[in-house]
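Undergrad: Letter by letter, the chains look like this.
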Amino acid sequence: MVSAPRSAIVPHAILIAGLVIVLFPIFVAFVAASHTLPEILNAPMSLVPGPHFLSNTIEALYAGTVKTSGTPVARMLFNSAVMALAIAIGKIAISLPSAYAVVFFRFPLRRTCFWAIFVTLMLPVEVRIMPTYRIAADLSLINSYAGLTLPLIASATATLLFRQFFLTIPDELVEAAKIDGAGPWRFLVDTVVPLSKTNIAALFVILFIYGWNQYLWPLLVTDTPAMTTIVIGMRQMIGNGDAETEWQLIMATAILAILPPTAVVVLMQRWFVKGLVEAEK
Amino acid sequence: MATLTLDGLRKSYNEREVVHGVSCAVADGELVVVVGPSGCGKSTLLRMVAGLETVTAGTVSIDGRVVNAVEPKDRDIAMVFQNYALYPHMSAYDNMAYGLRMRGMAREEIRTRVERAAAILQLDGLLERKPRQLSGGQRQRVAMGRAIVRDPKVFLFDEPLSNLDAQLRVQMRVEIKRLQQQLGTTSLYVTHDQVEAMTLADRLIVMNAGIADQIGPPLELYERPATAFVAGFIGSPAMNLVRGRLIAAGVEVAGGVVPLAVAGGRGEPGRPVLVGMRPEHLEPAESGPLSVRVELLERLGADTIVHGAAGGDGIRLTARAPGGFAPALGDPVALAIRPEHIHLFDLDTGKRL
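In order, the protein sequences belong to chains A and B. Take 1 as the starting number for the first sequence in the numbering used here and just add one per residue. Take 1 as the starting number for the second sequence in the numbering used here and just add one per residue.
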């Protein structure tokens, strides 16, 4: 083996250090998830994985903990997945056509429409949370998937990103399509969407993780165990003194909670890389 | 096969008129080139014909049908853009086939047409490639192919060769000419390159600040430019345009007196005029009416371009001499010109006298 050139040693050292910092807590969570509760509470906790990972995970997935009134983690994962997917897909589905309208069409009050969308950027969910809650309550959206997702779908970020991308599409391409006889709808489907593929993939990743990590809104708008999301669920599992905190199950849940976002990133990253390579030239 | 008629075509943007009434009839199968400097309104003119800009006043007719209010796709035209405007995510084949699919043409017919166009344009074997995998010249051909497969009544070219390097431009220029003759499709071609315009055109429209200064065959424009602008724009190196004064014996210009072909009839003696003399018509002579001191030589092999100063008031003349002609810098050179090669223009209006 030829030893690595000197110049490669420092970057690798930095990368490995970063990796250790990021991975160590996850490793600890994994170890804790593989022991029984007494083993965890018997300080110092062993850093060698134990034999109970599978059984703990299965228990969390299908039975839940006492603290969450027995809501199985599988149910929470499902709720979170529905919420994250609905937010990601809903936002893209709304913002793509609205950006298309703002960029490619001349209609009265176009500027006003754009600015109206733009201004909502300055009003994130946290700022308008009370009125939003009131509306959701009046529309009886409490404890429903619509209530969980609809208020979070309405936002301007994705519209702005698509608008910026659409502005880079040359006018001549639009004109060529006009002469080719492609109407606005066909131009959107045949040209704009295929060209936006990588942007859509990037947004999907960002929005999925945004939806998955929501805490405040689900906390307000849901109160039945059946509608609990994984993030809320984990918070509920941590006891307040009435009963033992089942750390081995919480840690197993944490590991489970990491998996879907990771999967989304890994799957979509292929698209990123492909998009980056294709954008060359 | 079709005719294209522009009648008093005007275009204004917010009260500001940029095309001031252009009329021209393009005959069936004719290639008319619109040429002019940037900002002269030539592209706007083409875009009005394509239907990409609304017409402020006047009419565009294709085959006698006024198409002012007709959508671009229904005008039966095809356009080749400067940056090709190929769909980046589609293969060359799909780029050419797209317009046909939009018209609901049968798959087999599309295949036949695209393959025929590909054969004409030597694109066989490249049809599966995406635009980014093609060279500039190949992309240009795909853009042409997209126009050809439609078999339209009128081809519109918007500076199609501007993005190519010089060598390829000359080659594609010839190909376009050949193709247009072969297909016999009525064409309107916009360019700012006067050489391209001269070589391609059956007839030329020289645009100057929104006005068609002159419309005619290339050689007529070269031999009898209607305005000083056309005179200076057509021909390379550009025509010498210097101030002069009519006198009884001819015209007094650049410190010499040059006889005129037609004595009188071009204005009373004493009238100041603009005198145009093409460099290729100024010939070094033993003794000429004009004399310059050589300032710079451009030796091109076949020709030598002589840049010289005439008289004392900084008038500069350019002359095209044979390749062997090699005076030293600072030497005086006598130049002669035949009377019929003198062009005279009104000093104020620029109109030919």
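Honestly, I wouldn't trust all of these hints.
[Claimed, not checked] Label-pair distances were calculated between CB atoms; the ranges are: (1) A:L19 - B:R103: 19 to 27 Å; (2) B:V170 - A:A17: 58 to 66 Å; (3) B:R103 - A:P225: 35 to 43 Å; (4) A:P124 - B:V66: 51 to 59 Å.
Note that these hints are calculated values from the structure, not bench results. Predicted model only: the values in this text are computed from it and were never measured. Backbone N, C-alpha and C define an ideal beta-carbon position, used for all residues, glycine too.
Undergrad: None of the hints should be skipped; say for each whether it holds.
TA: A quick look at each hint next to the structure:
no.: 1; hint: A:L19 - B:R103: 19 to 27 Å; in the structure: violated, 57 Å
no.: 2; hint: B:V170 - A:A17: 58 to 66 Å; in the structure: holds, 60 Å
no.: 3; hint: B:R103 - A:P225: 35 to 43 Å; in the structure: violated, 59 Å
no.: 4; hint: A:P124 - B:V66: 51 to 59 Å; in the structure: holds, 55 Å
Violation of the numbered hints given earlier is confined to hints 1, 3; the remaining hints are satisfied by the structure.
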